[in-house]
Each structure stands twice: as C-alpha cells, then as structure tokens.
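Student: Single-letter residue listing:
Number of protein chains: 4
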Amino acid sequence: MIRTAIIGASGYTGLELLKLLARHPHAQISALVSRQTERTPISTVHPSLTGVIDLPLENLTPVQIAERAECVFSCLPHAASAEMCAQLLPLGVKVIDLSADYRLRDADVYQQWYAHKHPDPTRLKTAVYGLPELYREQIRGATLVANPGCYPTSAALALAPLLKAGMIAPEPIVIDSKSGVSGAGRDPKPHLHYPEANENFSAYGVGSHRHMPEIDQTLSDFSPQPVAVVFTPHLVPMTRGILSTCYAEPTRDVSTDELNATLRKFYEHEPFVHVTDQLPTVRDVAYTNRCHLAARRVRGHVLVVSVIDNLIKGAAGAAVQNFNLLYGWPETTALSP
Amino acid sequence: MIRTAIIGASGYTGLELLKLLARHPHAQISALVSRQTERTPISTVHPSLTGVIDLPLENLTPVQIAERAECVFSCLPHAASAEMCAQLLPLGVKVIDLSADYRLRDADVYQQWYAHKHPDPTRLKTAVYGLPELYREQIRGATLVANPGCYPTSAALALAPLLKAGMIAPEPIVIDSKSGVSGAGRDPKPHLHYPEANENFSAYGVGSHRHMPEIDQTLSDFSPQPVAVVFTPHLVPMTRGILSTCYAEPTRDVSTDELNATLRKFYEHEPFVHVTDQLPTVRDVAYTNRCHLAARRVRGHVLVVSVIDNLIKGAAGAAVQNFNLLYGWPETTALSP
Amino acid sequence: MIRTAIIGASGYTGLELLKLLARHPHAQISALVSRQTERTPISTVHPSLTGVIDLPLENLTPVQIAERAECVFSCLPHAASAEMCAQLLPLGVKVIDLSADYRLRDADVYQQWYAHKHPDPTRLKTAVYGLPELYREQIRGATLVANPGCYPTSAALALAPLLKAGMIAPEPIVIDSKSGVSGAGRDPKPHLHYPEANENFSAYGVGSHRHMPEIDQTLSDFSPQPVAVVFTPHLVPMTRGILSTCYAEPTRDVSTDELNATLRKFYEHEPFVHVTDQLPTVRDVAYTNRCHLAARRVRGHVLVVSVIDNLIKGAAGAAVQNFNLLYGWPETTALSP
Amino acid sequence: MIRTAIIGASGYTGLELLKLLARHPHAQISALVSRQTERTPISTVHPSLTGVIDLPLENLTPVQIAERAECVFSCLPHAASAEMCAQLLPLGVKVIDLSADYRLRDADVYQQWYAHKHPDPTRLKTAVYGLPELYREQIRGATLVANPGCYPTSAALALAPLLKAGMIAPEPIVIDSKSGVSGAGRDPKPHLHYPEANENFSAYGVGSHRHMPEIDQTLSDFSPQPVAVVFTPHLVPMTRGILSTCYAEPTRDVSTDELNATLRKFYEHEPFVHVTDQLPTVRDVAYTNRCHLAARRVRGHVLVVSVIDNLIKGAAGAAVQNFNLLYGWPETTALSP
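If you read the protein sequences in the order shown, they are chains V, W, E and X. For what it's worth, the working numbering labels the leading residue of the first sequence as 12, then goes sequentially. For what it's worth, the working numbering labels the leading residue of the second sequence as 12, then goes sequentially. For what it's worth, the working numbering labels the leading residue of the third sequence as 12, then goes sequentially. For what it's worth, the working numbering labels the leading residue of the fourth sequence as 12, then goes sequentially.
In short, the hints are calculated from the structure, not lab data. It cannot be assumed that every hint is accurate.
[To be verified] Quick list of in silico lysine-lysine cross-link-like pairs, BS3-like style, CA-CA up to 30 Å:
no. : chain 1 : residue 1 : chain 2 : residue 2
1   : E       : Lys136    : E       : Lys200
2   : W       : Lys136    : V       : Lys200
3   : E       : Lys200    : X       : Lys200
4   : X       : Lys200    : X       : Lys128
5   : V       : Lys175    : V       : Lys136
6   : X       : Lys175    : X       : Lys136
Isolated chain V, as found in the complex:
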C-alpha cells in the first residue's frame, strides 16, 4: 500500500481523484490537505463521499505531508502548486501535479501565458509530461509528473499519431473544443451561475487560452516542424466532458479509412484509447478514463473528433494512470470500467 496525500481536495478534480483512490487496491489515502479549512470532514465539502472516505481536510505543512505520504497529488491552482511542489520534492516524495505549473518546458513561455514568473523553473527540465499514451517510458521513472490539461489531452491524442505518420501538415491546424462547465472549477462566477450557463453556449479565451501553448508543445514533439495551432474552447451546458473537432490539411491524398487505420495502429495496445466506427459522443466516455476517436476526410481536408471526460481522462483518471505507471501496477488499476 502506498500512502498518498491529496492537496487541494475540495475541488472537482480532487473529488474525482478521491473516488478513484478509494477503490484503488494499492493506495491508502493518508491526508487531505486544504489551505482554507481547519479539520472539516471531507463529506461536508463533498457530500457524495459520505460513508466512503472518513478523513478531515487538514491545513498541513510540506513536512507534515511528507511524513504522511510517499506520493502526493497536487490539485492546487497554478503558481501555488509549484511553490508547494518545490518544498515537497526535496523531502523525498513523488509528486503528481495536476496544475499547469510543470507542463510547459520553457519558463519564458510559461511566464508569457500565465503572466507571472515561474516559481520553480529549474525543475521544468526534470518534470515529465504525464500523457501516458505519448510519453509512457519517461513517466515510469519520473519523480515529478506534470499531469496534462484536459483540452490538450483531447487534442494531442487526436492529432499526434497523424502528425507522426506525416499524414497531416503542421499548419494550419484548427482545434475547436467544447467542454462541460466543471472544467472551469468549483468557484462560483457570474458567467457560470446556473441561469447564465444553462441554455447557453459560448466561445471563450479565443486566441488566449493557456492550453494553446501546451497543445503546441506536445504536437511539436510529433512533428518535423514546430506546430502553432488555432485553439478555440467553448462552454457547453453540461457538467462533464470534452469534444474536440480538429481540422488539418493532409500532406497527400488520404482516405477516411487510412486516417482511422493510422490511429488504430498507433493505439492498438492502449486500454483507454479507442477508434470507433461511429462518430464518438461525450456520453460514450463520461465517467471513464477513455478517449474515443474518429477521423474523416471532408472535401479534401482532414477532421478528427475526440471525446474524453474532462475530470477523468482529462485530470484525475490520468493522474491515477500516472500513479499506476510510477509504481508499476497495471495501468487500468482502479480505472476500469
């Protein structure tokens, strides 16, 4: 049994992580950390954990956390997370960071998009980007895993194999993504007030969303030339799920069948990525760690549809998948069905 701590357990990602770890046969939840509360039972914050997890939220120091846990999941906001991780890692724990802090390898790019200096720039080189289907070997030996963003997961799984196969051009790539509202977190905001978000649909962060450079970085790893995507996120009146519709230009005359065959081949041994005959829908993967994909040739262009659950495959599920990789358990442990 590996003793684990969750920092920032009061949000939506923390909740999903707790549900997954509660049924993990090799994980023991030893500490729930929150900077804002003092020994509040977790079931007060998350009534859906009533009778499931009987621990309080505690305001613990890094040293106290490291005494209780070998592996720490950080669900803190960016900046705060790196500050915490910078104190935890020297104490010998492994960290799976669900914030954005260690995803971008370049501290300047981070500063440009996140509008503050990176709190822990030296670790950007050793942190591993935790998208198992694309970076599995690096993850196995990591101490610090940067859990990927939800939109980047949906986009990278759709496009990386086609870029790697040289089937699509690195430019132009349009990624038109649609997310359920839980992706915006648990803090009430005017535009996320129920009567505002319900029966509504909107684009946001056009040209300025922080997941854009993260997508660029991953796709560039699989492309002969740097990739700079046009990424547009949208808010869908539903709680969970992301669907990304990705548009690219083929490098040669490829058919729908060739596109899907390339994706199928790339993911043939993956338990969580499936290429489906029918166009996938968010409901097909909701509450699971799976990603479903389908490609189409449309009027000479290439289109790939990708769906994930933003809180599972896009956050907590990926974190548990990385946890399984770090400790050598089957990757599907606690994640299936």
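Given the coordinates of chain V, assemble chains W, E and X onto it according to the supplied hints.
Tutor: Just chains W, E and X now, with coordinates in the frame of chain V:
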C-alpha cells in the same frame, strides 16, 4: 404615454420587465436606476437588450427618479426597497414594488420572517397586494402595489377558489413547489454554480421560507378560518418556471369534475388563468403571463397542479398587469401572447 | 465465480447492471440476452461499454440461458419478465427480477394496476421483495428476488422506520416524488423528446402510478394498519436521481431531532443509508447505491426528504446488493464507492 | 390585414411562427393546415397557445387554402413542401417556404444532397433566397421566398461581408456550428431522447449535411471564386440557439479591429445584426430575431463567432421579416424586442 422608471434593473426580474415595457404602447422607459453602477449601458449588463433599449443604468436619487417618472417599478431587495419607496411615494409617483416589503400586512409577521424591523410599517395598511385575479378592485385605485411572490402566486391561484367555495379544509394543506433557478436571482452562489445545480434536485427552506406567511395571508382571506400551510420549495435544474403540487382535504365527497368546474367558474373571465384538461406542464406557460391549473381527486384527497413562469406571472408580468390596472388599459396590454 | 446472464441488457438498467457486474470480483457475465437483436456487440448498443465488455447480445432460449448462468438478472418489461422467469426457475437458476412482476403479493392487485392477468401467480408467494434494508433475512434464502421499484425504494426507506416506531400515523401520507428522465426507460416518446422534457417540469400518473400499491404494501408491513398513500411522481429535467418529499402526521409531539434519531438508529449498521444533517440533494447520491435521508418537523407536521440514484439504488445497484446477499458476499461488493 | 395560412403548424417552427403572427398588427391567421390531423384544436398540439390562438388544425386542399389566405407559410418537410407550393402558387397566393426546397438554385445539386429529384425544378429560377440582410431587394418583389436554413443564416451573415470586402480567402473556410436540439424537429428519435441528448455533445452529418451546399451557394455570391466550405454541425444539450465558429485565412494582414469595422459597416443600417465588443453568446439572442457577431484575428488566422436563435432568426423570425418585406411594412414589425 406614462413615463416609467425601473429601480434595480440589472437583475432577472428587471430584464423581463424591460422587455415587456419595451413593447408596451403606453409606457415610456425614462430611467434605469442601479445603486451599484455609474452610467453603464443597459446592454452591457443585459446583452439581450442590444438594439432594444438604449439607456444607461444611472445612480439616481429619489427626487431625480420622481422628476423622470410617474410610475416606478422597484426590483430592489427587501428592506432596501421599502426605504426607497418611503422616499418616492411622498413625491407623488405610483409605485409597483416587486420586493417582498409591502406584501405582509402585519409588521410583526414581517419582522419574524425577514429578521429585521420593517422600514416603513405605516404604509402596510395602504399597500395593495397585487394579485389581480384575487384583488383586482383594490389594485385599480392603489398608489402602492405590492407585487406578489412567485410561489405565493402559483399556490394562491390554485387553492383560493376551492377554499372560497368551501370545498377544501383550511388544514392540513401541503404545497410542494418546484422552481427554476432564476427564482434565486442573479447573484452567483455556490449551490447555484452550474455544475452544482445541474443534474441535481433539492428541497430548501423547509419550514422557513419567507413565502410561507405570504401564502397563509392570501389563503386566509378566502377561508372562514386562518390557514397555515406546509410549504416546501424545491430547486429544479431549469432556468424558468414553477410547478406547485397542492394537497388538501375535501370538506365533502367532491369529484375531479366538480373541482375543475369550480376553478373554471372562478376564472371564467380571466385572460391569464386557464384550467386545462391535461395536467399542465411548466413549458405550457414559460415566457407567458399565464397560469394553468388542473385539479384531481386522489384516494379521497384533493390535488391541484399549478404552473406559472416565475419571472413573468410570478414577477414582471404581474407587475405589468398591475400597471395596466392602475392606468385603466386592457389588462393584456404588452402581455400577450 | 458465479456465471450470470442479463436479459434485456439494451436498456438503461441493463447498462448500469453491466457496469457493476464488470467490476464484481465474483461475477462472470456469461450471456447478454435480447429478444430483438441477433448477435449485436453490446458496445454497439451501449458505446460506453467499449473495451469494457466484449460480448454480443444474443436471442437465447430459457434452456440456453440456464446452461450458461447460475444467476439471471431480468430487465425485461413486466409480463414478459414473469413469462421468462416462469420458464427459467424450474431449470434451477436463481433469478433477480428487475421488472415489477413479483413485487405485489396479491395477483388481484397486480391485475388491477397492470391491467392484465398475472402470468405466474403461484410464485408471488415465494418471491421475496428485494429491499435489503427492510427484508434482508428473507432475501438471503430466496430463489426469486423481486427487485423493488425506484420510487418505492425512496419512499419506503424514508417512512418505514417512522411507521414502525409509531411516530407517524398511517394516514394521510403524501409522497411527492421527483425523478430524472432515465426512469422512463430508453424508448423515445414524444414527451421525453429532448426539447419537450428540457426546461420543463411536470406531474404525471397522478393517482394512477403503478408504484402506488407497491409503496402501500411495504409501508403496511411496518404499520399496525394498512397504509394507502397519496403518491405523485414528477419528471425532472435531469437524467438520473429521485428525490421524494414525504409528508405525514405525527402520532405525538415529535421533534426534528427525535425523528432523525429514530432514522439513524434504524439504519445504524447499514452501509448504504445515511441520515444527513443538511438536507440531502440528488447529486449527493448520484452514481452510487446510497440513500440519504433527513427528517424535519414543520408546523406540527412531519416531513422526510429522501434521495437515491434511480438506476443504482433504485434498480441495478439494489440488484447487485441482492446478488451479494444471495451468495453471502459482503453487501458492498462492487457497489462502493 | 393580410390573411395568412400556416401549413405544417404542428412542429416547432410552426409554433414560433404562430406566436409571432399572433402579435403582428397586419396579419390575420386564417388557416392552420396539417396533413395528419382532423380539426384538432391547435392548443391541444401546442398547449403554450392556450388562450392565444383558437383555431383548429385542418386538412385542407390547396384550393381551400388559397381561398382562405393571400400569403402562405409552408413548414412542411422538403419534397412535400415543393409539391404543395407547386399547387398553391398558380392559385395566386404568395408563398414563404420554410423548407429547403427552393433554396438551392441548381436542381442537380438539390438531387445530389437531398437524394430525390426536385418536385418543382422550373420555379428554382424565380424563387428568391430569403436572407434579407443579403438579398433584400430581390425579396421585396418576390412571389416565392425560400426561407434560409438555420446554419446557413448564421454562417452567411458572419462571412459574406468579409468575402465581399476581399479580406478573407474563399478557401479554406471551416464552419464549426453548434445547435440546440429543437433544430432537429419535433419527431422523437433515439439520439434525441432526453437521457441520450442531455449531458452529451456530438458532431453529426460530418461532410454530408444538406446545409453545406446552401452555405456554398450564398458565400459564392459574395466571392470572386466559388466557395466550398468545410461545415461541421454539432448537437448541444439545450433547446434553442446556434453558435457558429468560422475560421478563414486573411488575404492580407488584417487586424481584429479592421475585421469588426468591416462587419459593422456592412450591417450599420440593419436592425437585427449587431457586431458586439464582447464575444456573443447564444443567450444574448435567444427568443429574438437578432444575430450577434464578433471577429478576431488569431495567430494570423481569422475567426468569426456568430449567434442566432435557430427557430427565430434561423426560421420563423426570418419568415416574418420576409413577410414584412413582401408587403412593405417596417421590417421589425412583430419582431421586436
């Protein structure tokens, strides 16, 4: 043309009122008042008024308001509204108050339920409760109309005729009401955050909701004995509408047909209240000023289902209906279809 | 490992059952039976089972089913289910029937409410009503378990302990229930078409819903006198969950605290029933096998709020809980968290 | 007063049309035609018209319709609509056809996309495409108006001005559109069953949607070269509204400001099209005849977001706007606010 001002125009009730007044042939909107903003265009606060109303929100004094308008609609919160009305009324304007301040005739009952002393208790005697179908004659001559609460409207229209006819006993009466989330107003709150309210259903204010004494008061007006209802509001994952399921005990052996015939007779000349053969649904009356009703005898008990749009018949539409009554225009002006 | 078959696996209850059984350590899914399809992969019918269950739906005879499975879950519609069970049981299998066919003990009551003669009346005496918290001992030794209805589960768990304690009178009892749309099954119907059910709320089956006599029967088991409730179901614009607001008259002057203490005592060893301090909401129990309860005294009357997931505790989860009881495994197996 | 008939009044478009015509000062609704029903009161089919329109649905012949009405709105399905129009027009009535039958000018293109021979090909030359902001002058003198599709309206209003100004290239153009479910009509279908469409999001008709050639045709009218767009519609879990995110390549180095200035100039006298500073959302235009637009330059590419209410500006509202044009009334009659 009657010059009107709307105070507290930035909320949901204010928005609906503006839409209705914008198409009213005898109303001119001369001032939009907000205590919080300084000359913000109303279309910034309500983008759905773009190209419809081109006025700014202004922070005006009572004197300035009275110079601009003959009739004032107050959408302020309770307490604040009575304080404003107490200053406006001596200046010679008519006021339709959409807050709860002048609904209860007894200042002690008000203090008990609203937890503060009434700011303007002497006017409680002259204010008229603005439910036209039940108090039409008093409204015509009023200077201060207390626009009814949304739940009380749905409940009173369902039960008053049966109490008046002596068909149901004043005790016990259970009113199980279900409302869309817009009834809770426009301020973001944790339990109204989209991912919390969506795919959820909850009871709230059990035994303590402020609409309970308001329902008591109206039903008691139509009953030989005082009425004290059990009223339970619930939050429905939708934006608009209220359905109230009302349970009462018959005073004699009445049939479904007799119940509905009594309701039909009571409302036979009413343009906005309809007794339907099928059970009514919220969608039947959404975005209208109508109330649909249907009664049933169930195992010897009496059940009445009532539906309204909480923001129209339960607020802004009733206010315009009262406005029409105050000035002698057809009651349906600007309210149909 | 117990070999299991699911008949009628293409509906919503079947889907939830499959997800639960797929993670059950002692269950093997050996056959998926459907009368309408011929060897369709289950993932075509339920894309959310892609990569989880790799079996086809098959049109099997009772004999074929009994060869493949020791325990059969029937998710067939009523009447069809009893016809199938009547053939399966003599072949030596155990049956958990999720239809309504064996819930009512009296074939005449069945005929009156279901409008056809019972297809297998002699087994009504040996079938056990599978609500573990109320009938656990009988279930352990059963061969045929009648899995309870969703509304009856929510109502019986709320009221049975208070009736048994003599705290509430058997008459009048009002059960005002609100259910997500999945409770109506997977067949498209005009009033369940998305644009009709969305942003809508309605009562239905007033005085005529088939769960009414089922609630009567269970509550009568815990009452000195027969109980005849007023039960009103409503349709909520959400997919899953039931909230029942139950109103009863106290037999003496009981407080909120006494009511909740009685419920807590009754359920103190139950893993799935929790009495909460805050009013429970549907979201607290969605996707779980739990029931949350809270009682309140309101103006001298008694009110109990009860929430369950209609497809889990109200159907598939209860079936697995019964399965665990039949075979002596811990009741929470595959059901937690 | 112009006497009007509505054919196919039982669907969602028919309902919206009836609500708009009921408040039109120059329109008299003289006949509601349905092929399927025999003198059903319209309020049975649309309970929301209770007390608003008191006419029956009637199964009338073309001759009977022409006797009752000078102007006919056809909401029939494609093919059926052209067959009806071909009989009505020789009888001297004007027709506003809300089906797709007269939108495409080329009968071969129609046959290719609608998979049947056009029933009335000779009138394709005289029919006028009824998008007032782009074809106003032709509409004024028309006898047969082809009311545009909902998606094409949202896309054409966004892109036509930029194409006409030579600011964007005719190729590649990606139109990623998202629609509420009412766009799919009132007939229940499995994927539109509430529990399937709710909490879901999906792409459909990828590369094959019939609105694609319609968009091509309109944009080609404003471009020096033929346009062939990549159009992908998606289903949003909401009832009403369309948001289209349109991607194009600039012909030169244009800024966000230049793009919006071009759109503003093009629509400066239009009552229903507004270019907004903030990104528009579906809620801003729901239940109105307006289109809100905003353009952005993103990494050298051009993006335009467009929102409409699919049933109003995308169907019934546009039909009334065309009706106003045909008879010379102010275009906003019955359409504002």
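Student: Just to be careful, I want the Cα atoms of X/Lys200 and X/Lys128 compared with a cutoff of 30 Å; is the pair within it?
Tutor: OK: X/Lys200 and X/Lys128 at ~26 Å, within 30 Å.
Student: For the pair supplied as a hint, E/Lys200 and X/Lys200, is the alpha-carbon distance within the 30 Å limit?
Tutor: holds (8 Å)
Student: With a cut-off of 30 Å on the C-alpha distance, tell me whether E/Lys136 and E/Lys200 pass.
Tutor: violated (35 Å)
Student: Holds or violated: X/Lys175 with X/Lys136, Cα cutoff 30 Å?
Tutor: holds (23 Å)
Student: Is V/Lys175 close enough to V/Lys136, meaning Cα to Cα at most 30 Å?
Tutor: holds (23 Å)
Student: W/Lys136 and V/Lys200: Cα distance at most 30 Å?
Tutor: violated (41 Å)
Of the numbered hints given earlier, the model fails hints 1, 2; all others are met.
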